[in-house]
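S.K.: Take a look at the letters that make up each chain.
Number of protein chains: 2
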Amino acid sequence: MTPNITAAKTALSHLDVEENPHAIRTASRDFFWYSPVLKARMDHLLADFVVRPRNEAEVIEILKVCYEHDVPVTTRGAGTGNYGQAMPMRGGCVMHLVYMNQVTSCEPGRVVVQPGCLLKDLDAHCIAHCGHELRMFSSTWATATVGGFVAGGSGGVGSVTWGQLRDLGNIIRLRVVTMEAEPRVLEFRGEELARVSHAYGTNGIITELELPLAPAYDWVHCFVATKDFAAAMDCAEGLANEDGVLLKIASVYEAPVAKSYFQRVSPHVAEDDALVGLMVAPQSMDALVTFLTRRPELSLIYRSDDTDWPRNPGLVFEYGWNHTTLRALKFDPSITYLQVRYAYPDHNALIEKMRATFPGEVLQHLEAIRVNGKVSFAGLSLVKFTTEERLDEIIRIHEDAGAQIFNPHRYTLEEGGRQHSDQRQLSFKKEADPKGLLNPGKMISFDTPDWDYAKIYDYPSMTPKEA
Amino acid sequence: MTPNITAAKTALSHLDVEENPHAIRTASRDFFWYSPVLKARMDHLLADFVVRPRNEAEVIEILKVCYEHDVPVTTRGAGTGNYGQAMPMRGGCVMHLVYMNQVTSCEPGRVVVQPGCLLKDLDAHCIAHCGHELRMFSSTWATATVGGFVAGGSGGVGSVTWGQLRDLGNIIRLRVVTMEAEPRVLEFRGEELARVSHAYGTNGIITELELPLAPAYDWVHCFVATKDFAAAMDCAEGLANEDGVLLKIASVYEAPVAKSYFQRVSPHVAEDDALVGLMVAPQSMDALVTFLTRRPELSLIYRSDDTDWPRNPGLVFEYGWNHTTLRALKFDPSITYLQVRYAYPDHNALIEKMRATFPGEVLQHLEAIRVNGKVSFAGLSLVKFTTEERLDEIIRIHEDAGAQIFNPHRYTLEEGGRQHSDQRQLSFKKEADPKGLLNPGKMISFDTPDWDYAKIYDYPSMTPKEA
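Going down the list, the sequences are from chains C and Z.
Heads up: the first sequence begins at 1 in UniProt numbering, then just goes up one per residue.
Heads up: the second sequence begins at 1 in UniProt numbering, then just goes up one per residue.
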């Protein structure tokens, strides 16, 4: 099955097809380079061409033409994802949804939107039109698209209140186009949503999303400092368990993350200060102050509604989730990260154990999240990278201790997730993408069903590095 | 200290003073009669006069005049509370806040309101002006006042999401007038709120409240039926633990409560059906249906947005909290109730144990609530009343098993609560009500500091029954 690139390009030439090599190179990359492991393996990947559909009809046309000519299609939004989820493993077509950015409708509690809309623009639209905003979003809010977030994300800012994207009620409806001789348009709700959410566009292309909204508040961005890491965890978790206090994020940073990597926070903290980043609804600020007054080991060093800091530190969520890693990388290119889940109710003991295990090598960065109604922590630990072997060992030590790892140094859905196939995604891929052309190389169970996960999966059809 | 009623009435005669005996009798009663124990003790209580202030200045004047003439002042809203909290134990003045019902300001997330505003009117105002509504309210929403709810309530409809009124952030500010020679006007926030919230007006009169609001949705009222009581508990608790599903209430009724006492539900359930009452945001309805589809033992028998029931059952919350007791009382005057707290994480086992202990005598009615971030149940058990001794025994058996009882068959703050004095309320009463004239008889620690709680407290200065 050799792709006929030329035929596909010719057939699509009336659309917005990008042929500039520099632009193709840019559109062939996402934020895979957060991982030194993926950087070594994916840096060379390149699409043959990029096409930017303007509407669903053009998406259908692109999928139909590429199906006919056996051309792989890797769909992308802004390309801010990690895990190499938008990298064209076999070249071919990158379908860029930048033009499909319209908000179709919004009302309090609900929005209908196209996938290419930036999270930031979507929020601005919803706040202006109905006083609501997204329940959750990635820390790349300013540059990422809503379609990319749902296709690749699992949660983020807002998960401290609303749980994960996969939880019931956090996605209402997805409209999806299949890649067949005659592409079909399907509407998924309820149980069916799991087929295509967090599937990296491997089994269908999302052309419309219906999402729940939450009330928009003039969130107060806060930093709390403490010499005591356990007190910092207790601050984030305790606040998240205050049912009357509205939070959008509660992040914990072990010392010296704030001093070393948070440039505008650095002058206000010491080397040994742990930091808590918070977004608190204005009507909950009295409650926050009361909560902190009960814990003299905590100091509210910054609140955006009342500050004398000469330099505005900006949005607190742009210190959290994977922006922490990004900030650290700017100061120390050898830094990478892990995604860890510390399950309730033993999360704090497990975190302390991991903290004690890797002094100077792993720095704790935690995000308070709700999982099945209970507050616990997701870790996006900062790791001083030495070798792939040591990274794998660090992961193994975490797993042996009972921490779940979502390995961001893998490019397949299975290895970045729970290390086993998702039958709902797999069976829908067999139906919706019979030729296996949608974002190839990302679903092991489709390509190599008997894979045993003993080592990193090496997609056999990956475009080889040029000599 | 003999009250000079005549002098006080004369001094207040330019205000709206009620002298009609029938109206005084009505204003001297609340919903104490839910309890046969309180009915036997409080039915005779009668104020000497009723006064209805129009504003805070008149409140100050009334308190100053009554202080001067040693006249007790019992403040009331609509008088829908239980626990006899608005009953004039020593007669004197009942101050009725019916005219102080203005909404001062509202914005998304926050309202400022006078205490006499009905919860229903407050919600209507907020929904119309800013698209928000109260986070929580009592099932007597249609007739109760916001001041009475905060002065006497602990939570209610909405507590499944927002926890209790006493939780940080669920009250922002209270403005309070003291009863001294020169009454003071104080503003309480943060830690100070605990002095006067849930204090029955024993140590200050609330003249203004600032409360947080939640977004208003077109809540879908639902009933779910099941033959399996454990499945009904799991339904309410499981939904409350779904972080992406927005609930306003999740009530559980053991069979045959629905068949026997819920007139408009009765034709749609069998004698052996347990019932779950739910209010679900419209954007969460798909999630509800998905949740129920996973549990075939549960049947969605009613949803207000799509129903063929010939008779509208009305608002689901008017079946819950203490409306359950009210509905049962209409069919069986021998019914009374208990307020029980089943603490996480052993709540379900404890409930099943209590359910097995009192067959035919105690019927389980549960409300899912959040306590310190965890979902568990409050019980408002329906009790077939025989004698006070048996009622006390039932309470003791609950307590011995580990269930906490908030005894609604007592009229003091301590006995209806945690059986010990609240030092914050007591010390503020000593300061704000030095003559002990505010709602006398309701704070044991003020009147009888060495009380040992071995038996029901009998306020020595209660107006005696006439022979």
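Everything labelled a hint here was simulated from the structure, so no lab data went into it.
All residues carry an ideal CB built from backbone N, CA and C; glycine is no exception.
Each hint should be verified, as a subset may be incorrect.
Claimed, not checked - No farther apart than 27 Å at their CA atoms in a straight line, the calculated lysine-lysine pairs in the DSSO-like style are these: (1) K353/C x K384/Z; (2) K374/C x K374/Z; (3) K9/C x K430/C; (4) K39/Z x K353/Z; (5) K374/C x K64/Z; (6) K259/C x K374/C; (7) K430/C x K455/C; (8) K353/Z x K384/Z; (9) K39/Z x K455/Z.
Unchecked claim - Okay, the calculated bits of chain Z under chain C, using three or more residues with CB under 8 Å as the criterion: (10) 37-47; (11) 239-250; (12) 256-269; (13) 273-285; (14) 301-309; (15) 372-381.
S.K.: It remains to establish, for every hint, whether it holds in the given structure.
M.R.: Going through the hints against the structure:
| no. | hint | result |
| --- | --- | --- |
| 1 | K353/C x K384/Z | violated, 53 Å |
| 2 | K374/C x K374/Z | holds, 7 Å |
| 3 | K9/C x K430/C | holds, 26 Å |
| 4 | K39/Z x K353/Z | violated, 30 Å |
| 5 | K374/C x K64/Z | violated, 50 Å |
| 6 | K259/C x K374/C | violated, 31 Å |
| 7 | K430/C x K455/C | holds, 25 Å |
| 8 | K353/Z x K384/Z | holds, 18 Å |
| 9 | K39/Z x K455/Z | holds, 17 Å |
| 10 | 37-47 | violated (count 0) |
| 11 | 239-250 | holds (count 7) |
| 12 | 256-269 | violated (count 0) |
| 13 | 273-285 | holds (count 4) |
| 14 | 301-309 | violated (count 0) |
| 15 | 372-381 | holds (count 4) |
Going down the numbered hints, you'll see the structure goes against 1, 4, 5, 6, 10, 12, 14, while the others check out.
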